[in-house]
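The residues making up each chain are set out below.
2 protein chains.
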Amino acid sequence: MKYAIGIDLGGTTIKGGLVSEFGEIILQTMINSEANSGAMVVAEKISEVIQDLFAFSQKNQIEISEIGIGVAGLIEHEKGVVHFSPNFEGWFDIPLVDLVRSSLTSPICDFPIVIENDGNAMAFGEFCHGGGASAKILVCMTLGTGVGGGIVIDGEIFRGSRNVGAEIGHTIIQADGALCGCGNYGCLEAYVGRDRIIERTREKIIKHGKKSILADQLDNLTPKIIADAADRGDDVAIEIFTETGRYIGVTATTIAHLLNPEMIIIGGGISAASEDLLFGPIRETVKRRAMDTNAESLRIVRAKLGNLAGLVGSAMLAMK
Amino acid sequence: MKYAIGIDLGGTTIKGGLVSEFGEIILQTMINSEANSGAMVVAEKISEVIQDLFAFSQKNQIEISEIGIGVAGLIEHEKGVVHFSPNFEGWFDIPLVDLVRSSLTSPICDFPIVIENDGNAMAFGEFCHGGGASAKILVCMTLGTGVGGGIVIDGEIFRGSRNVGAEIGHTIIQADGALCGCGNYGCLEAYVGRDRIIERTREKIIKHGKKSILADQLDNLTPKIIADAADRGDDVAIEIFTETGRYIGVTATTIAHLLNPEMIIIGGGISAASEDLLFGPIRETVKRRAMDTNAESLRIVRAKLGNLAGLVGSAMLAMK
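Residue numbers (the numbering used here), protein chains in the order written: chain A, 1 to 320; chain B, 1 to 320.
Next up, chain A with everything else stripped away, as it sits in the complex (with noise of 0.2 Å):
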């Protein structure tokens, strides 16, 4: 069996695994990613998470040969650079590979290293062991505190001419609708990222007075208590994740008629909200909207590797 080591860069943390070519985790480890504390820093923490995998698999006899890692952001990763990355404030064209290999010992220094965008991991990832296994065209979403995503046309990644496609969160749905944090109105993550959530929720019991078992909680709101209350009942949460579904099937219907892909997999955080309050009114919004041939053909599903997804994909972009 082949084993490849996969790392997650975040924001606060890095996540590595130790990931066998059929996708399982044999051994997990974490550590904060001092993101403040500069490239170089950044670049030994990760080196201490590769080595202590490489240690454990030495011990164990486990033959490992390649490593990726996951980045949110702009990735060149034909150079090992990271032109820009929204978790790393100051991070301008950074060749984190290099840096990383330079913090390494013998031999692991000597080991291949990829570097890909989170996004692309994650749908990676997803492609290989998760909901999307072997799909011909698959589009993969993250809810997050952002909209992300990743696509993959007949298994490869597909990246665009300058590594910046799959911006789901940036298609625009609303041409004249509300401000996005990118500067442009109307897009997707305007209305659906995590803090526009709770905002709406906000909106409609201080606003328009709506009643809610929320009301008492407006100052600690998050995705997950909305969709709880929901659970229980509560019409204004149910009513934020109708609209919630409602605004990612317009999306999703675009996607549709544009890439007529055969998946659309959908995970992060806010997807963790039962079926029937999330995906139910994104599959009832394409199968309304979308022309018969291209929702017939997709399938809108759960991610299924959660938030290991992009650890497992860039381990498997390793051993490709």
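No lab work stands behind these hints, which were simulated from the structure alone.
Hints should not be assumed to be uniformly reliable.
Because identical chains share one entry, a pair is satisfied inside a single copy or across any pair of copies.
Below are the BS3-like pairs computed for lysine-lysine, each with C-alpha atoms no more than 30 Å apart in a straight line [what the hints assert, rightly or not]:
{"#": "1", "residue 1": "K287", "residue 2": "K79"}
{"#": "2", "residue 1": "K204", "residue 2": "K136"}
{"#": "3", "residue 1": "K2", "residue 2": "K79"}
{"#": "4", "residue 1": "K136", "residue 2": "K304"}
{"#": "5", "residue 1": "K211", "residue 2": "K320"}
Here the structure is a predicted model, which is why all the values come from computation and not from measurement.
We have chain A; now place chain B onto it with these hints.
Below, chain B alone, put in the same frame as chain A:
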């Protein structure tokens, strides 16, 4: 030099051409497509065009060995079947390649015949010899009665998982927007399809009482007449094209974020409007709305092959 026969099968005419590998059309012919006479008759008409072109090629010692046909609709190119075509009422799973072949005489009845969706063929024509020569990722948009399109990725037509990708007219630009012919709301086509451009002009003049030199020809408006009025400085006509450009710019922004193409090529009757009138607002919208790298990597240009793109593209596909 290599040559192939390209056929553009439309609802009213069949255009055929003898096309060199460099995209030159050395002989072009056109006949009525007899769209209402049934598939057998249409196939015979196509065969006639092919036989004529072949006879010419033999007389002039031009060697051809492939035939390509472009048709609107859902085309199953692997099977040579027209699953459905908006231009041919009642056609359902028509084995057009077999029908055409059965009407051809030897030796041309044994030549390979490929069939392709017309938007895909046009995109491939523009990729090979038009405005998008050799772009890594190319999206084509045709503005006419409807809004069609095609996508070429790394030199290959991108068809989607079931041949219904690149339905650019049905990307949603306004979730709660105008009703589209497809039954959905807020599709691009519901704003910039030929009839909608005319209706929007009439609305401005009749409903909103705006002054325009078009006021005395409201029953015979065409996009061409409106474009001419704009060129003569008519405010309503200029406004119509500015808005049309902005609507297209919204879809172009979504495409820039999703596919990060190197190039969007715009063709079709309505794109014949002068550069400033239509392309200005499209480019300005993308620049304002899209994220920096996505906007910078994208060039938006006019189709070069005009209404011959489908014919040239079909021939190129056949030669491939």
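Subject >> Hints violated by the structure (numbers, ascending) >> reply: Violated: hints 2 and 5.
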